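Quick mapping for you: the protein sequence lines, in order, are chains A and B.
Counting from 63, one number per residue, gives the positions in the first sequence under my numbering.
Counting from 196, one number per residue, gives the positions in the second sequence under my numbering.
I should point out that these hints are in silico values taken from the structure, not numbers from a laboratory.
Only part of the chain A face toward chain B is listed, based on derived beta-carbon distances under 7 Å:
{"id": "1", "residue": "63"}
{"id": "2", "residue": "80"}
{"id": "3", "residue": "84"}
{"id": "4", "residue": "85"}
{"id": "5", "residue": "91"}
{"id": "6", "residue": "92"}
{"id": "7", "residue": "94"}
{"id": "8", "residue": "95"}
{"id": "9", "residue": "96"}
{"id": "10", "residue": "97"}
{"id": "11", "residue": "121"}
{"id": "12", "residue": "122"}
This one's a predicted model, so the numbers in the text were calculated from it and none came from an experiment.
Virtual Cβ for every residue (Gly too), placed ideally from N, Cα, C.
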Amino acid sequence: MDAWVLVTFPSVRDVYVDSVRFGKTNTAFSVQLGTHTIDLNVPNDYQPPQIVVLVDGTPVTPTVVAFLPI
Amino acid sequence: MNRTYRLLAAVFAAVCFACSAHYPINPELKQAPNLEYGYRWATTDIPDSDKSTFVILTFSGGGTRAAGFSYGVLKKLDTIDTKDGKKLLDHVNVISSVSGGSFTSMYYGLHGRGGFKTFESDFLRKDIQGQLFHSAFLSPNVFKLLFSPNFHRIDVASELYDAVLFKDKKFKDLLDEQPKWHAPLIIANSTEIELGARFEWTQDQFDPICSDINQVHVARAVAASSAFPGLLSPMVLDTYRSCGYTKPPTWAGLARADVYANPSRPRLADELDGYMDKARTHLHMLDGGLADNIGLRAPMHAIISTDTFAEPTRNPPHTGFTINNFLSNHEIRRILVIVVNSGTSSSKVVIDATAAEPGIKGVIGAVTGTPMDNVTFDSVESLLATFRNKAAEQQAAKEANRTVYYPVILSFSLIKDDTLRATVNGIGTNFSNLNDQSFNGLMQAAQVLIDQDPCFKQFMIDTGATPVSTVATGKCVALTP
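Work out the full structure: start from the sequences and follow the hints.
The following block contains the structure:
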């Protein structure tokens, strides 16, 4: 079962889901439906360090996960 | 008198020797599990290679019939030219197999197309079942089976497969061979009977039991994968707890919350807990067909999930066996999954033709066959639904880059020619040698079924492979959201 997530950050950065590199920031992509740990590639100039979230979005209304620059 | 004593001493010595017979123990992993060691997805060159076109084969169970049919499919793929000057066979990335199909997959992983001739002569055309009977009951093995509690019928089978086909090759040999010709990852599947779980013979699966798959004979995997209940005993694996695999990967903790959102995730976490349970000092393996008789579940899991028993690393970037991320970010642009199902179907009414109580053979056949057939149906249905959903989601997301999903199901019931269908359906589920009619029928079935499949034809057209079949009609409906 797929679910869609949109990870936002001011710049384009690789996104890791459960430590596996998936997509890029600011572009929605699909992951397995469920609870995941999401974070970004280095440098660690963002907060929070990681976000645990239930990803259950659709392609049209993805689950939005927001990281902010430090 | 002396002669009697000598005879008694000889018998005593023979019994002692037989008593001490032991199944080959799978060795302990002498280091902490890491993704750069052992036969697994991450140690092949596949994750770092061009994955734009990704090909997966799954080989079902069905004795020599399955081994022959899957062999026919490999040979057919070796006749198809791809745009890069290679054969389609060269582009196969993963083969997941069960039971009879595991003979073909493992032998191919070890020898490539160079092993085609010998596979035919050393296995398909040999009466392995007769040799198995001889090895178990008409050789010194009979004393081992009688007097040793640690040597079982499955160990006789494993020794025989080593002698006639695999020549003591180990998973280390399979791993060494892989980069030489960009061989596919071979996943032989068996079933852990107490957990009721599918067991993949790769280091990803061996990590939680702290065992080193590299030192295991591939014949052991094939024997376990084809250990049909009743005829063969379960294969025993030893478990160890000393390698430092003390906590599950991070996803497993989070997945506990997904009981309603996605129940397959906590189920896999429970399965992992089972393998890590210190009370489980051994595992017992039976035929992979009990959990999945077409070998589709391992690649399906890799398609839909990144949850594996191996904790991913970022530098270097390694994971357990998954391609879910490569599909999501479109590093894989086209994925072809060919399900090679050697299951037989018969419309002949036997049990229901009379009011008589069915014989024990009929009842056992129903008890074992019905659940397996239902799981097979569910697996295929799940593959088709997953591919259609993915196509629909890409369209809904208005993605510029899209991955195209091609499912190809090769099943005897789809053979249109009555005579050919009857021929292949009539081949028994055993390890007897294939006669000319059976062998040629299976080769022809592989060709016909591939040629008539509309999704395979579409894949050929889209990738510029030749020759494109003129037989296939209709469109590949799975591609249409």
